[in-house]
Amino acid sequence: MTEEHDHFIDDLAAYALGSLSESERARVEAHVTSCSTCARRLKEYQALAGVLPVGLDLVEPPPDTWVSIRAGARRRRQPHGPAKRIFLPNWRWATWPLVTGLVAALLVWNVLLQREVSLRPPGPEVEALARRPGRLVILAGTGTPGASARILVAVDGHHGHLAIAGLRPVSSERVYELWFIRSGAAPVTGGTFRVDASGRAWVAITVPVSLDDARAITITEEASSGSAAPTGQYLLEARAWR
Amino acid sequence: MQAGDEAALEMLYKRYAGLVFTLALRIVGDPELAREVLQDAFLRCWDGRETYDPGRGRVPWWLMGIARNRAIDLLRSRSHQARLREQQPLSSAAPASGSLDAADAAALRRAVASALESLSPAQRQAIELAYYGGLTQAEIAQQLDEPLGTVKSRTREAMERLRVSLWSLIEPRGEE
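Chains as they are written, first to last, in this note's numbering: chain Z, 1 to 242; chain P, 1 to 176.
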């Protein structure tokens with residue numbers, strides 16, 4: 001084997017164990033598309049990684065877990081049914097109108113946000129934001145389909161506003177909490193908030209870490225006092241931003 | 001299961017839920033979170049059944065990969081790393097309470113335990129920190145205060161030893 005292959009074999013083992021950085025992973029993925037030897041070895045290592053837990057002392061899961069999984073599977077069955085396939089031939093034709101519609105919706109959303117900014121009582125953050133929004137983070141409703149949010153971070157990088165729609169109102173004992181997730185460090189909160197009866201909120205937030213240091217930004221539901229770390233499901237999530 | 005058969009999902013659950021839960025618990029260290037990982041892994045498996053490629057390996061190892069990734073995501077979103085490292089090292093004494101269905105399940109368990117035992121402590125630690133700790137090779141090197149190249153070579157050597165010992169037992173057979 002060549003030196004280059006030796007180098008990649010080191011990385012293949014780490015890749016299979018999920019122990020490479022994003023850039024290293026991308027390099028391995030690019031390499032295995034053109035190297036059948038490494039591609040085969042990677043499959044072997046991945047299978048080995050899958051079998052490692054067999055060496056642990058077995059712990060049985062709570063007995064009612066299967067009932068929850070079955071209920072979840074039934075809820076998800078519908079989209080895989082034949083009814084969906086009837087529409088498949090039209091998707092190709094629908095692609096461009098769909099993209100155009102999405103772009104238009106995003107534009108309308110951003111215009112509305114800007115308008116909402118302009119209607120706020122003037123304050124240093126809002127003024128700065130309205131004049132020159134620094135960065136935009138778009139959160140998708142990964143745990144709450146239909147929910148969406150935008151974080152407009154001011155040019156100072158520390159202040160911002162969160163606009164959110166599509167979350168259900170919570171009781172007085174609960175709040176939503178914004179989190180900045182970093183690699184190898186504890187998550188940091190950006191503040192708590194509640195939504196109005198229509199599921200919307202517009203709140204000033206603190207951006208406690210540099211966006212460049214954050215791996216993900218997420219929103220969870222927590223107790224009204226807030227939490228030291230996210231305990232609820234990720235309701236909305238962003239993993240990339242400009 | 002690719003045809004959307006709920007009974008097949010149930011069979012997969014009966015065979016592997018214990019193993020997935022054990023893996024998740026080992027990583028996140030919290031039964032409630034481990035249960036969340038278990039549910040999520042099986043539902044993701046169900047969602048991905050139509051696109052599952054048998055060439056990627058047997059279903060159980062695919063399922064285990066999904067569960068491990070989800071558990072690491074949870075782990076990295078919480079400050080559990082310190083507690084995790086205080087937990088016991090990879091066990092080499094796996095009791096035979098039924099989770100694997102195949103006739104060779106007990107043999108596989110013994111083989112995995114024996115293969116892990118044959119690794120040097122440093123090699124086991126490398127696997128432990130990478131797979132269960134969710135650390136990158138660079139993070140492991142930093143934590144152990146060792147050169148990155150040493151950590152990568154050690155990880156590779158460990159996986160090679162495991163491959164030599166175990167591959168004949170786990171190679172894809174396409175029966176799922």
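Hints listed in this document are in silico derivations from the structure and should not be mistaken for laboratory results.
Given the structure is predicted, the values throughout are model-derived calculations rather than measurements.
Glycine residues also receive a C-beta, built at the ideal position from the N, C-alpha and C atoms.
Treat the hints with care, since some could be wrong.
[What the hints assert, rightly or not] Using C-beta positions, here's what the derived DEER-type ranges look like:
#, chain 1, residue 1, chain 2, residue 2, range
1, P, A105, Z, S34, 34 to 42 Å
2, P, E6, Z, S36, 33 to 41 Å
3, Z, S21, P, E32, 56 to 64 Å
4, Z, P145, P, W167, 36 to 44 Å
5, P, S168, Z, R168, 46 to 54 Å
6, P, S168, Z, P208, 29 to 37 Å
7, P, E32, Z, T206, 25 to 33 Å
8, P, D145, Z, E173, 16 to 24 Å
[Claimed, not checked] Computed, partial: chain P to chain Z, Cβ under 10 Å:
#, residue
9, L63
10, I127
11, L144
Check your understanding: Out of the numbered hints, which ones does the structure contradict?
Key -> Numbers 3, 6, 8 and 11 - these are the hints that the structure violates, sorted from lowest upward.
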